[in-house]
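Letter by letter, the chains look like this.
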Amino acid sequence: MQDQTSAQDLKDRLDLIESMIAEGRRNTESWGWTFLLWGVAYYVAIAWAGWGQHASIWGHSHVAWPVTMIVAFVLTIVIGFGKGRAQPGTTVGRAVASIWISMGISMLLLFPALSSSGRIDQHSFVASVAAMLGAANAASGMILKWKMQVACALVWWSVSVVACFGSDAQLMGVFLVGIFFGQIIFGIYVMISDAQRHKQNAVAHA
Amino acid sequence: MPELPELNPVIHGKLRLALLSLLTSVVEAEFTWLRARTGSTDGNLGAQLTKLEEAGYVVVEKKFVQRKPQTIYRMTEAGRKALTEYVQALKRLLGSAIEM
Chain A
479 MQDQTSAQDL
489 KDRLDLIESM
499 IAEGRRNTES
509 WGWTFLLWGV
519 AYYVAIAWAG
529 WGQHASIWGH
539 SHVAWPVTMI
549 VAFVLTIVIG
559 FGKGRAQPGT
569 TVGRAVASIW
579 ISMGISMLLL
589 FPALSSSGRI
599 DQHSFVASVA
609 AMLGAANAAS
619 GMILKWKMQV
629 ACALVWWSVS
639 VVACFGSDAQ
649 LMGVFLVGIF
659 FGQIIFGIYV
669 MISDAQRHKQ
679 NAVAHA
Chain B
5 MPELPELNPV
15 IHGKLRLALL
25 SLLTSVVEAE
35 FTWLRARTGS
45 TDGNLGAQLT
55 KLEEAGYVVV
65 EKKFVQRKPQ
75 TIYRMTEAGR
85 KALTEYVQAL
95 KRLLGSAIEM
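Quick note, the sequences are listed as chains A and B, same order.
Here the numbering used here is used: position 92 in the first sequence is 570, and no number is missing along the way.
Here the numbering used here is used: position 25 in the second sequence is 29, and no number is missing along the way.
Same shape as in the complex, but just chain A (with noise of 0.2 angstroms):
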């Protein structure tokens, strides 16, 4: 058989190897869509708790972050059990879902318990929320192996060192262009790379 193979088929052989392993080993990326949705959420949350205040048709902004923290977690629950169902279990999964996971449940905790004892402000909330988003990017990037995603970490922890500093007009704009790039943008790569991948596989193997 291999009278007929050329060196360049037996080198495409390869690749496709180790496409297809590393295809297999990414599959978290399909999960794109929840950094999309959670910067959704965490606009909506600053939107309804900031110029809620001054308009009655928001009303009740004190609850803004925990209701639409809430919504958005239920959300991912929801349509992370459809879409995850179909999704093939590895050992790399489980370690960066426990990594989100355990996020998630931290912050689900501390902020509510923070916030009703009245020991954070708005600079240490900002820098808490983006240094254990910064973490969680990082440790799920290094195990990736995905550059895209620790380069999320540094944003995140850039905003979280920046958010100690300046006025609080200063740390809204911070957060505002943290989120922008490390949830909007970022979900919106991810998304787009997948879907781009899927189109390649589909001609691969046409």
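No lab work stands behind these hints: they were computed from the structure.
Incorrect hints may appear among the rest.
Unchecked claim - Straight-line Cα separation of at most 25 angstroms, DSS-like style, residue types lysine-lysine; simulated pairs: (1) B:K18 to B:K85; (2) B:K67 to A:K561; (3) B:K55 to A:K489.
Go by the hints and put chain B onto chain A.
Leaving out everything else, chain B in the frame of chain A:
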């Protein structure tokens, strides 16, 4: 001059090679997931998976999850060994092709 290795014809097909490579990185995979990752049609995918199953490289399990049928595929130890040997043979062939 050392003899060139034979390539395993069961694995050599592109789609079967892609399937085994995908299955090597996961514990188990559902039919629909394999279809999405390879961009293959149901008929072609089913036929190639059957060949791999007949060769003893994958095992299949059919079950119901929330009343919906699921077909789960797992790579066997024989499949893992065959893929490893195939990659080694490929590398040796590539090496000899470059030397020529």
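Now the hints, each set against the structure:
no., hint, in the structure
1, B:K18 to B:K85, "holds (18 angstroms)"
2, B:K67 to A:K561, "holds (18 angstroms)"
3, B:K55 to A:K489, "holds (24 angstroms)"
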